[in-house]
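Visitor: Residues per chain are reported as follows:
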Amino acid sequence: MRPLQGMRSRRLSRFDGSARIVRPAFLLLLSAVLLAGNAGAFEEPAMKAGVFSPARLAPDFSLPASDGSELNLERFRGKVVVLGFGFTSCPDVCPVTLAVLAQARRKLGELGDDLQVVYITVDPERDDAEQMRNYLAAFDPTFIGGTGTDEQLAAVRGEYGIMAKKKLYGDDYSFAHSSFTYLIDRQGKLRALMTYGHTAEDFAHDFRILLQE
Amino acid sequence: MTIRRLHWVYVLSLAGVLGLGALAVTPVRLESNEQVFEIPKGTWARRIAGDAVEILPDEIRLTLGLRDVLVLKNSDDVPQIFGPTLMMPGQSFRLPFEMASEYQFACTAHASGQMTIIVEPFPSTPWARLRWRVLEIMTSERLLHTEESA
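Here the protein sequences come in this chain order: A and B. Under our numbering, the letters of the first sequence match residues 1 to 213, in that order. Under our numbering, the letters of the second sequence match residues 1001 to 1150, in that order.
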């Protein structure tokens, strides 16, 4: 009997030893699987746009506005400003961006009264104040455009890191230009950059954050 | 070929298959969801001196749910066009992505004047996980090379 008991106890102790290793290993594996399952569940970013840190004061400018006044950022202090660059003959990026912005502004309801869209042309040859006014009004009558001389506009683009390259197509021409828009808060600080392709919901989401600050 | 050699070929093949299987089955996870690029102090001075300093690779690969936030930091003393935007000294820019797609940005930091960010979907299948791991190794090597040249 003794040898048998001895064998049993050895087997049991071997089993106990294995259990001591296997159990934590199993728990570790289980935790890894559970954690991996949550890998996609990151904290929701505060804004959909790219955010600057620290935010600096948005460089101001003085350009002829589409409503005949002087366009600068100072006059919109207290409002949230969306600043974009483009041209009225743009076949795709500009009309899409402006349509999305108009839709986002409508989604804000009364809060949208404190939102100002400013669109500056990269094509002053064709986009004078009247052309800008008529074009922007088709999207939203509150949108305001900016034009000016080549030098004035190039200086503003330089301040905001905007690229605009003229491309000739026979007698016609077009522009390759930066397609993102800047978000400027009520204090006039350049807070964020929204890349092209975002939905009106994304814009409205970020506008609400800035408007409710 | 002797039986012993055949045995080893069989064992190594089996180990290889099991290894690849484990890589395919094991869920992917990263400590941070940020891909950080930094312009070090003195970069502008080096560029003025004629050094071809490359900070950002022409192509950046991100993955939704794993590494889907691009962070750019300008630690230099002068403003820099970095990625899609102008950044002041000491400023950082955090750009999250929520949609798998290919994004093209104008970037004066590149000789081509363009930067491409490829945002891929979360690797949820074994094959996607295996592919993600292989691409991860290739990307790490490329980034290492970029850092060395900077």
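Calculated directly from the structure, the hints in this document are not laboratory data. Do not rely on the hints blindly, as some may be mistaken.
[What the hints assert, rightly or not] Simulated pairs of lysine-lysine, DSSO-like, Cα-Cα distance not exceeding 30 Å:
1) B/Lys1073 to A/Lys189
2) A/Lys107 to A/Lys165
3) B/Lys1073 to B/Lys1041
4) A/Lys189 to A/Lys167
5) A/Lys167 to A/Lys79
6) A/Lys79 to B/Lys1041
7) A/Lys79 to A/Lys107
8) A/Lys167 to B/Lys1041
9) A/Lys189 to B/Lys1041
[As the list claims (entries may be wrong)] To spell it out: a stretch of chain B is covered by chain A in this simulated footprint if at least three of its residues, at any positions, have a beta carbon under 8 Å from a beta carbon of chain A; those stretches are:
10) 1009-1017
11) 1091-1104
Nothing here was measured: the structure is a model prediction, and the numbers come from that model. The beta-carbon is built from N, C-alpha and C at its ideal position, and this holds for glycine as well.
Visitor: The structure should be examined with respect to each hint, and the outcome stated for every one.
Guide: Consistency of the hints with the structure:
For the suggested pair B/Lys1073 and A/Lys189, the alpha carbons sit about 18 Å apart, so the restraint of at most 30 Å is met. This hinted pair does not check out: A/Lys107 and A/Lys165 have alpha carbons roughly 34 Å apart, beyond 30 Å. Note on B/Lys1073 and B/Lys1041: the hinted pairing holds, with a Cα-Cα distance of about 11 Å set against a maximum of 30 Å. Taking the CA atoms of A/Lys189 and A/Lys167, the gap is near 33 Å; set against the 30 Å cutoff, the hint is violated.
Proposed proximity of A/Lys167 and A/Lys79 is contradicted: the alpha carbons are some 36 Å apart, above 30 Å. A threshold of 30 Å between alpha carbons decides the hint, and for A/Lys79 with B/Lys1041 the separation of about 36 Å lies outside it, so the pair is violated. Under the criterion of a C-alpha separation no larger than 30 Å, the hint pairing A/Lys79 with A/Lys107 is consistent with the structure, at around 17 Å. Using a Cα cut-off of 30 Å, the hinted pair A/Lys167 and B/Lys1041 is violated, with the two alpha carbons roughly 36 Å apart.
Our distance criterion of 30 Å between C-alpha atoms is met by A/Lys189 and B/Lys1041, whose separation comes to about 25 Å. Evaluation of the coverage hint for the stretch 1009-1017 of chain B: breached, as 0 residues show C-beta separations to chain A shorter than 8 Å, against a requirement of three. Coverage of the stretch 1091-1104 of chain B by chain A holds in this model, with 10 residues showing a Cβ closer than 8 Å to a Cβ of that chain against a need of three.
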